[in-house]
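Asks: Chains as they are written, first to last, in our numbering: chain A, 7 to 618; chain L, 1143 to 1192.
Hints listed in this document are in silico derivations from the structure and should not be mistaken for laboratory results. Some hints here could point you the wrong way.
[As the list claims (entries may be wrong)] Keeping only pairs whose Cα atoms sit at most 20 Å apart, straight-line, the calculated EDC-like set for lysine to aspartate or glutamate is:
| # | chain 1 | residue 1 | chain 2 | residue 2 |
| --- | --- | --- | --- | --- |
| 1 | L | K1159 | A | E164 |
| 2 | L | K1158 | A | D520 |
| 3 | L | K1144 | A | E164 |
| 4 | L | K1159 | A | E84 |
| 5 | A | K552 | A | D520 |
The chain contents come next:
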Amino acid sequence: MNILGISALYHDSAAALVIDGQPVAAAQEERFTRKKHDSAFPREAVQFCLGHVGLRLSDIDHVVFYDKPFLKFERLLESYIASVPWGFQSFRAAMPVWLREKLFQKDLLLREFSEFDDGFASADKLLFTEHHQAHAASAFFPSPFDEALVLTLDGVGEWVTTSAALGSGNKLNVIKEIHFPHSLGLLYSAFTYYVGFKVNSGEYKLMGLAPYGKPRFVEAIKSHLVDIKEDGSFRLNQSYFDYVTGLRMTNKRFEQLFGRPPRRPDVDDLEPFHMDIAASIQAVTEEIVLRLTRSLAKRTGQRNLCLAGGVALNCVANGKILRDGSFENLWIQPAAGDAGGALGAALAAYYARSGRPRQTTPGRDSMAGSYLGPEFKDSEIQSRLSAVGARVKTFTHSALVERTAEALANGKAVGWFQGRMEFGPRALGGRSILADPRSSTMQKVLNLKIKFRESFRPFAPSVLREDVADWFELEGDSPYMLLVAEVRNERRVAMSDQEENLFGIDKLNVCRSDIPAVTHVDYSARIQTVHQDTNPRYHELLTTFKRRTGCPILVNTSFNVRGEPIVCTPEDAFRCLMGTGLDALAIGNCWVAKDEQDPALAQDYSSAFELD
Amino acid sequence: MKSFIAELWVYLRARKKYWLIPVLVVLALFGGLVVVTQGSAVAPFIYTLF
């Protein structure tokens, strides 16, 4: 049975193809159109999914959309009616789009599909899942567990903002829901907006800023903004927020509570105040999540936990769940945000329609390392690079790995473009920029000369799975870079009293461990364990780097500049090389050294993309 | 449009949200009016409503 899942029309459009219950292809539209968080119908992602396995749309048994438009419209109408007349401004902005387009999503989707293939004419083939059903399916069905508690947390779907379900075999039964406007995702987004980052994309920056601050606003948040119950249920005090009725996340009362207006991103500096705000909302988020997981573990007796929804990308909170011990095993969908809804929708429909049993392999999920995107043959890479004027050297596979490891050990930053592109927001060694984590200057160099982004942003380590426990306080797998753990004590470097007293970003520049480029100010690191079975080439590179340097770790950051979608094609990668301070590309079996290229091809595109 | 209305009816029944019908009817009328009057001779008609 061939099922195509679609998420679209809100943010992070994507398509995912599931054949007989196995995810075989998935990609976000932004990677093809080069528009970050592209919300348009995912034409190119659909084309890729079908082309990858040589199917036509008429070969697809069902296309499944990841939410239910009527239910969402119901939520909008009821929210506006409940807040008459204050919601008129928002009502006026939302209604034209809904009455013209979104309410008629079925027709719109069928029209789009008919452009692909006239054979897909039957409206019966088009199905809709609920938003959180899609998230829960994306978290449970690909997981390695036969049974698990499935927790989904995000901004909002139709009505649901938080859901807990019991997954067993090929079934999911919902046991708890929290409804709009009470939303942990929207609470976090409100603070993202307040600190001057973009809602729906800057949340991870708020999380990265948190370790610099002190959580001195926790009591203010808990006593005024959110009422947290013992079991993790929560209610947001709407008199401080504007997202239900207005066009902003927070209102004047919210500003008065903290004593300042929202930070203007292009005008105001990030100050210790903003870091304290970030630390406070992060602490409150962790408290809610931990109360939820503890109470649900107690209630259900489950030992396995699956997570999805945008809040599941909060890897600091995820690390705390793991260390809390309420659950023995934790699996997080790598595309936990709305893009992953496409995959979840397809999987939910597959098990509901086919009724076939679900096969699991202990310790191994069915995401294939999340390498579900496009790939290019070596010959195609060579011809595409030649067409854009690149000067390329080709090597055998092992020689290229040696060359890359040597360059990295010599302090170079290398664009690593190998195999299939990752599905989800993280680069996992398919489309990554790599560097030596032992360098004390690498964090600054990568941030300012290559990524063109704020210097406070930490980088993440990729580490050989076999060696993770020697370097970090982590025993298990973290293949999708969704868990944070601390650098082990013996790898830390003691700071002088003077260094201890440094504050904020100044502290980041102090060498705090043997791997300073990936050690955050609180000694934490967002870890990716690299596994031989899912990414043998990247595993080999790390092994070679370890042989040369004794260090089984590399800095792994997404292959893009600030605000740009991660590169998808060889041309994107070459453009990034020529527009940044990257030293070389290792792409397929090709080596592209920056200093051997025609300088006329260099271009400055650092300001071509908006800040998150 | 026929299938859309049929689906809307199925949804209203399943969710027992019959009270939304008048809201939807008003929205449809105004929505239709806005579409019909865009750049047409009927445009002044809408001004008397607001």
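Asks: Check the structure against each numbered hint from earlier and tell me which ones fail, lowest number first.
Replies: 2, 3
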